[in-house]
Amino acid sequence: MYGRICILLLVLFSGPASLLAQDTIRAESIMDSHLHRSIRMGILLPALAPDDSTSYGWLDLRFDQETGDFHRAQQAFSKSAIRLHTMGFNQLGRFRVAGDFRFEQVKEDSLANLLSGEGFDDLRPYYYFATKHSHYTKQGFLARARIDYELIRNKLALGLGIRHRTYWAAGTVDPRPRVELFNLELSPGVLLIFDQTKVGLDFRWARGTEDIHVTYKNRNYGTGISDPSRIRYINLGYGTMSTLDTASLRKYNDLTGLSLSFKTEWQDWLLQSVFVYEKSRQYNSHNIVRRSNYYIRSSFDLETIDTRILISKETEKMAQQIGLALTWQDGQDFSTALARTNYLARASDMAADYSVHLRKRHRLQYELGMKWALDRDYRKDGGQAHEIDYSVHTFGLSGGLHLAGVKQHYRFSVSPYYRHPGRVEASFPVTQLNIFSEAVAIPDFIYAGAKAMGLDLRMDYVDKNIFKSYETVFYLQYGHLRSAEKISRTRNYFQAGMALGL
Amino acid sequence: MKTKFIYILAFGVLFITSCRKDKDISQPVALSIQLETNPEEVSFDLPLAGAEITLVNKANGAEYKAVSNAGGQYAFSSLAPGTYTISVLLTIDAQLYTERSGNYTDKSVSFSYTMDNVSLLDDTSITAILSLSSQVGDWVFKQIYNYGSNTSQGASFRDVFVEIYNNSNTTLYADSLIFAISYGKANNNTGSYLLDNLQFDWSQSIGMTGPGDANKDYVYAKAVYMIPSNDTGNRYPVAPGKSIILAQTAIDHTKPYVAADGREVGIGDAELTIDLSKADFEAYQYPYEQKTQPGRAQYRFDVDNPDVTDVEVIYSISGNRDMVLNPQGRESFIIFKAPAGKDPNTLPLYAVPTDRDINAETTVYQQIPVSYILDGVEVHHPIATSRLPRRLPVSVDAGFTFAPGGQYSGQSLVRRTKEVFAGRRILQDTNNSSVDFGYLEKADPSKGNSSFID
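So the sequences go chain by chain: R and D.
Read in order, the letters of the first sequence correspond to residues 5 to 506 in our numbering.
Read in order, the letters of the second sequence correspond to residues 4 to 457 in our numbering.
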């Protein structure tokens with residue numbers, strides 16, 4: 005069933021993009037990372053699209069693998085994934101059609117402490133966990149589409165976006181979860197055009213559900229406590245938990261928000277920025293029969309501000325780009341049992357990067373870059389008196405070399421980076437320690453405080469002979485991260501893929 | 004322009020990275036406990052220091068232990084808000100008790116307090132009135148196998164039994180010894196006609212009469228089984244350190260057998276279950292059913308082994324068609340003997356207090372005075388979240404017990420051996436099953452060394 009849906013959506017989204025991409029801009033510049041970054045920022049936000057872009061298509065199929073013991077407590081020791089990503093847009097008279105489709109199938113090995121479909125860095129509480137390491141298969145797709153109609157030429161356009169996400173996950177070791185997530189978002193918007201400046205305003209409204217069922221093949225694990233590793237817990241905050249509580253959960257997600265996007269061009273400069281504000285509420289229930297008047301055990305409110313700015317400047321000699329990103333999330337729960345808030349969660353991520361592409365029109369080209377990122381994570385569980393406040397800086401440099409030919413193009417890059425903990429504060433009172441503290445909170449505290457060095461190596465090969473109309477990219481990437489601890493831990497990353505510039 | 008940009012950026016960074024920590028959220032709560040004694044039981048100065056206080060968080064099973072100070076106090080300063088079970092056990096040395104009370108005893112004396120479903124959402128102070136919970140009888144439960152075995156490969160609920168032990172130094176007679184399954188509320192819902200711990204307030208049962216406290220002085224049973232006797236009461240002697248086994252169905256469960264309806268009951272894995280064909284007694288309920296519900300078809304698993312003596316069914320609710328012991332810890336168990344001249348068949352019957360419309364179809368439970376009880380064991384679910392309000396008064400069992408494997412695990416509850424004297428095992432009987440009982444990975448009806456926890 006999932007396969008059929010995926011194929012259908014693939015055809016729907018990648019088909020039009022490839023067919024309509026005959027006027028693809030700068031098809032020869034598939035290795036122009038600055039250009040691609042600028043265009044991709046504006047695929048589903050037409051206000052950000054560069055003026056000279058009328059169509060774009062991209063299809064990427066890749067294999068990812070990461071493995072190693074330097075990971076967080078709710079992260080798998082080993083993870084491999086097959087991912088398909090296709091996106092594109094085209095201008096058809098007064099209409100602009102855009103789509104973005106992503107599919108992934110993930111296999112995780114030796115994952116403990118998280119019986120959830122979502123990732124380990126989700127701020128939302130109310131999920132199952134068990135200390136038993138297990139194998140998981142996860143599969144999901146995210147389909148986004150948008151259509152805009154230029155109501156007044158070069159002045160005003162109206163648009164409607166739709167976003168659909170489905171995710172499915174299952175474990176194969178007791179306790180074995182089965183997770184099904186569904187989410188649908190609509191985003192009507194308006195686009196104002198003032199010469200080379202565009203301003204877009206979109207409203208967002210989304211609803212979704214997530215059902216989680218935990219079963220045991222050996223039923224004794226679910227009715228006793230003989231094997232502590234098989235006990236399923238529900239994490240209700242950051243330490244507050246219940247043991248072998250209900251075997252089924254349902255989450256109802258509501259989201260409203262808006263995004264304000266702004267783009268302007270002046271001579272060689274291009275400024276793209278987007279500001280997104282979202283307010284979501286998740287109702288958590290164990291009542292899986294009713295879809296109305298269900299019992300609410302807790303709710304979780306999350307406010308998110310996401311801002312991205314991209315400044316590009318291109319001349320004959322060089323192309324420069326500065327990227328700034330800032331995400332801020334603030335959440336709190338409300339526990340029905342306690343009749344008050346028990347859990348606070350905040351995350352703020354900042355990133356800045358600068359890169360320069362030299363001798364872009366030459367056979368031998370160079371890229372240089374630097375980046376900095378700060379990730380901060382704050383959680384507080386009032387009743388359990390657990391509190392963490394972590395921040396991690398990442399400093400990185402990158403260097404790339406292009407060998408550009410008429411039919412072939414090679415790119416080699418190396419990116420060393422350094423991970424340096426900033427604030428690493430935690431409070432877990434001895435009287436309040438429990439299995440979550442020991443299995444998750446304390447190992448994550450150790451992880452947060454670890455310095456580490458990393459190195460990414462990447463090679464791209466572009467061939468223009470395979471398809472006449474498209475450029476084909478083959479790429480390989482290898483990454484190694486090593487902690488600077490007494491007994492160092494490592495994490496290795498490998499990626500191999502193929503992409504088509506349509 | 005450049006300066007302004009830097010200021011804006013710096014402000015943004017500060018805004019984003021600053022973490023507001025001033026929201027009003029729940030906090031750990033404090034609990035102070037003051038121990039006191041019941042003046043009706045203790046008229047002398049009893050030292051309250053050294054009492055073991057145990058709190059169990061019912062949501063996650065987190066357990067906190069502390070010891071009271073000289074003033075009989077203890078304060079827990081940091082507990083997660085939630086619902087707790089509070090237990091207190093004060094053990095007084097025999098010599099000290101004799102000195103203070105003036106009553107000679109050669110055994111230590113226990114005082115206890117327990118309360119279920121205590122809601123701690125704010126700082127709380129509790130006065131715990133300790134009750135005397137001394138050993139009352141020489142008959143004790145040695146082994147309780149209520150969990151049953153694997154439902155598909157074992158014998159499920161059919162291979163359960165209880166083993167009753169002579170813990171004295173003289174021969175006792177099992178004649179007229181009664182085993183009863185006590186009943187209580189099957190959930191933790193709030194509502195009317197309930198005690199603070201959410202158990203039924205039996206004093207509000209319709210028609211409740213009689214002396215004493217309906218909740219503290221009585222136990223309510225859903226099924227009552229009595230070992231038969233002869234005229235002299237010496238038909239079934241049990242030597243010191245020996246025991247008798249009462250089985251639900253006294254057959255060899257490791258082999259296929261024919262059920263009461265003529266169909267075969269198979270066995271998938273004989274290792275998972277046990278041979279009960281050597282049991283001393285068996286509950287065969289069909290004759291009782293024919294008396295109370297004439298014409299009712301025989302329950303297919305209520306199989307009679309003619310080689311094993313049947314116990315007399317004194318009382319059973321209609322839904323209980325054999326001596327089925329609840330595998331989820333929703334029932335507790337007692338043994339008692341009615342005093343001379345008292346016919347246990349005449350013990351009164353009451354409906355639960357939430358039944359306000361009593362008619363012939365209403366389920367009623369037999370009321371058994373605590374003063375008759377020789378031993379009782381409060382059994383709970385291994386998972387704290389699933390535990391129900393306790394059924395037995397603390398004077399019968401100051402604690403509770405469970406086997407970690409829970410239902411259909413094949414595990415059994417076994418009273419620990421306190422000491423071996425002249426080759427005879429004396430089992431631990433502090434009247435607190437939390438400390439008196441352990442468990443066997445597999446129930447053992449052999450009565451041999453392997454059936455003890457030494």
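In short, the hints are calculated from the structure, not lab data.
Being a predicted model, the structure only gives us computed values, none of them experimental.
By construction, the Cβ of each residue, glycine as well, lies at the ideal position given by its N, Cα and C atoms.
Any given hint could turn out to be false.
[Stated by the list, open to error] Chain D side only, calculated, beta carbon under 8 angstroms to chain R, not exhaustive:
1. Ile28
2. Gln30
3. Pro31
4. Ala33
5. Ala62
6. Ser81
7. Ala83
8. Pro84
9. Leu124
10. Pro259
11. Tyr260
12. Ala263
13. Gly265
14. Pro385
15. Ala387
16. Thr388
[Claimed, not checked] In silico DSSO-like cross-links for lysine-lysine, where the CA-CA straight-line distance does not exceed 27 angstroms:
17. D:Lys340 x D:Lys225
18. D:Lys294 x D:Lys345
19. R:Lys283 x R:Lys83
20. R:Lys221 x D:Lys445
21. D:Lys258 x R:Lys221
22. D:Lys110 x D:Lys258
[To be verified] Distance windows between CB atoms, simulated:
23. R:Arg76 x D:Asp141: 40 to 50 angstroms
24. R:His137 x D:Glu444: 17 to 27 angstroms
25. D:Glu444 x R:Ile86: 23 to 33 angstroms
26. R:His137 x D:Ala262: 40 to 50 angstroms
27. R:Asn222 x D:Asp278: 23 to 33 angstroms
28. R:Ile86 x D:Asp457: 52 to 62 angstroms
29. R:Asn222 x D:Ser453: 19 to 29 angstroms
30. D:Gly53 x R:Asn222: 48 to 58 angstroms
31. R:Asp305 x D:Asn190: 29 to 39 angstroms
32. D:Pro259 x R:Asp305: 57 to 67 angstroms
33. R:Asn222 x D:Ser35: 41 to 51 angstroms
Outcome of the hint check:
1. Nearest Cβ of chain R to the Cβ of D:Ile28: about 4 angstroms, under the 8 angstroms cut. The hint holds.
2. Using the Cβ-Cβ criterion of 8 angstroms, the hint placing D:Gln30 at the interface with chain R is satisfied: the shortest such distance is roughly 6 angstroms.
3. At a threshold of 8 angstroms, the smallest CB-CB gap from D:Pro31 to chain R is about 5 angstroms, leaving the interface hint in force.
4. The criterion of a C-beta within 8 angstroms of any C-beta in chain R is not met by D:Ala33, whose closest approach is roughly 11 angstroms, and the hint is violated.
5. Contact between D:Ala62 and chain R, as hinted, is supported at the beta carbon level, the nearest pair being about 4 angstroms apart and thus within 8 angstroms.
6. Given hint, D:Ser81 at the interface with chain R, holds; its Cβ is 5 angstroms from that chain's nearest Cβ, closer than 8 angstroms.
7. Interface restraint check: D:Ala83 against chain R, minimum CB-CB distance 4 angstroms, threshold 8 angstroms, status holds.
8. Of the supplied interface hints, the one on D:Pro84 holds, with its beta-carbon coming within about 5 angstroms of a beta-carbon of chain R, less than 8 angstroms.
9. The closest approach between the C-beta of D:Leu124 and any C-beta of chain R is roughly 6 angstroms, which is under the 8 angstroms cut-off, so the hint is satisfied.
10. Taken as an interface hint, D:Pro259 does not check out: its beta carbon lies about 23 angstroms from the nearest beta carbon of chain R, beyond 8 angstroms.
11. Checking D:Tyr260 against chain R: minimum C-beta separation of about 24 angstroms lies over 8 angstroms; hint violated.
12. Taking 8 angstroms as the C-beta cut-off, the interface hint given for D:Ala263 is violated, the closest approach to chain R being about 27 angstroms.
13. A cut of 8 angstroms between beta carbons decides the hint on D:Gly265: the least distance to chain R is about 30 angstroms, and the hint is violated.
14. Of the supplied interface hints, the one on D:Pro385 holds, with its beta-carbon coming within about 5 angstroms of a beta-carbon of chain R, less than 8 angstroms.
15. About 6 angstroms separates the beta-carbon of D:Ala387 from the nearest beta-carbon of chain R, less than 8 angstroms, and the hint is met.
16. At its closest, the beta carbon of D:Thr388 sits 5 angstroms from a beta carbon of chain R; the interface hint therefore holds under the 8 angstroms criterion.
17. A hinted pair counts as satisfied when its Cα atoms are at most 27 angstroms apart, and D:Lys340 with D:Lys225 qualifies at roughly 17 angstroms.
18. For the hint linking D:Lys294 to D:Lys345, the alpha-carbon distance of about 22 angstroms falls within 27 angstroms, and the restraint holds.
19. For the suggested pair R:Lys283 and R:Lys83, the alpha carbons sit about 32 angstroms apart, so the restraint of at most 27 angstroms is broken.
20. Of the pairs offered as hints, the one joining R:Lys221 and D:Lys445 holds, with about 21 angstroms between alpha carbons and a cut-off of 27 angstroms not exceeded.
21. Among the hinted pairs, D:Lys258 with R:Lys221 is consistent with the structure: their alpha-carbon atoms are about 25 angstroms apart, no more than 27 angstroms.
22. Straight-line distance between C-alpha atoms of D:Lys110 and D:Lys258 comes to about 45 angstroms, which puts the hinted pair past the 27 angstroms bound.
23. Checking the proposed 40 to 50 angstroms range against R:Arg76 and D:Asp141 shows it is violated: the Cβ atoms sit about 59 angstroms from each other.
24. Between R:His137 and D:Glu444 the Cβ separation comes to about 25 angstroms, which falls inside the hinted range of 17 to 27 angstroms.
25. Our hint of 23 to 33 angstroms for D:Glu444 and R:Ile86 is violated, since their Cβ atoms are close to 45 angstroms apart.
26. Remark: the range hint 40 to 50 angstroms for R:His137 to D:Ala262 is upheld by a beta-carbon distance near 43 angstroms.
27. Checked against the given bound of 23 to 33 angstroms, the beta carbons of R:Asn222 and D:Asp278, roughly 25 angstroms apart, stay inside it.
28. At roughly 58 angstroms, the beta-carbon separation of R:Ile86 and D:Asp457 lies within the given 52 to 62 angstroms, and the hint holds.
29. Taking the beta carbon of each, R:Asn222 and D:Ser453 are about 25 angstroms apart, inside 19 to 29 angstroms as hinted.
30. At about 43 angstroms, the beta-carbon gap between D:Gly53 and R:Asn222 misses the expected band of 48 to 58 angstroms.
31. A hinted range of 29 to 39 angstroms holds for the C-beta pair R:Asp305 and D:Asn190, which are about 32 angstroms apart.
32. With their beta carbons about 60 angstroms apart, D:Pro259 and R:Asp305 fall inside the hinted range of 57 to 67 angstroms.
33. Checked against the given bound of 41 to 51 angstroms, the beta carbons of R:Asn222 and D:Ser35, roughly 43 angstroms apart, stay inside it.
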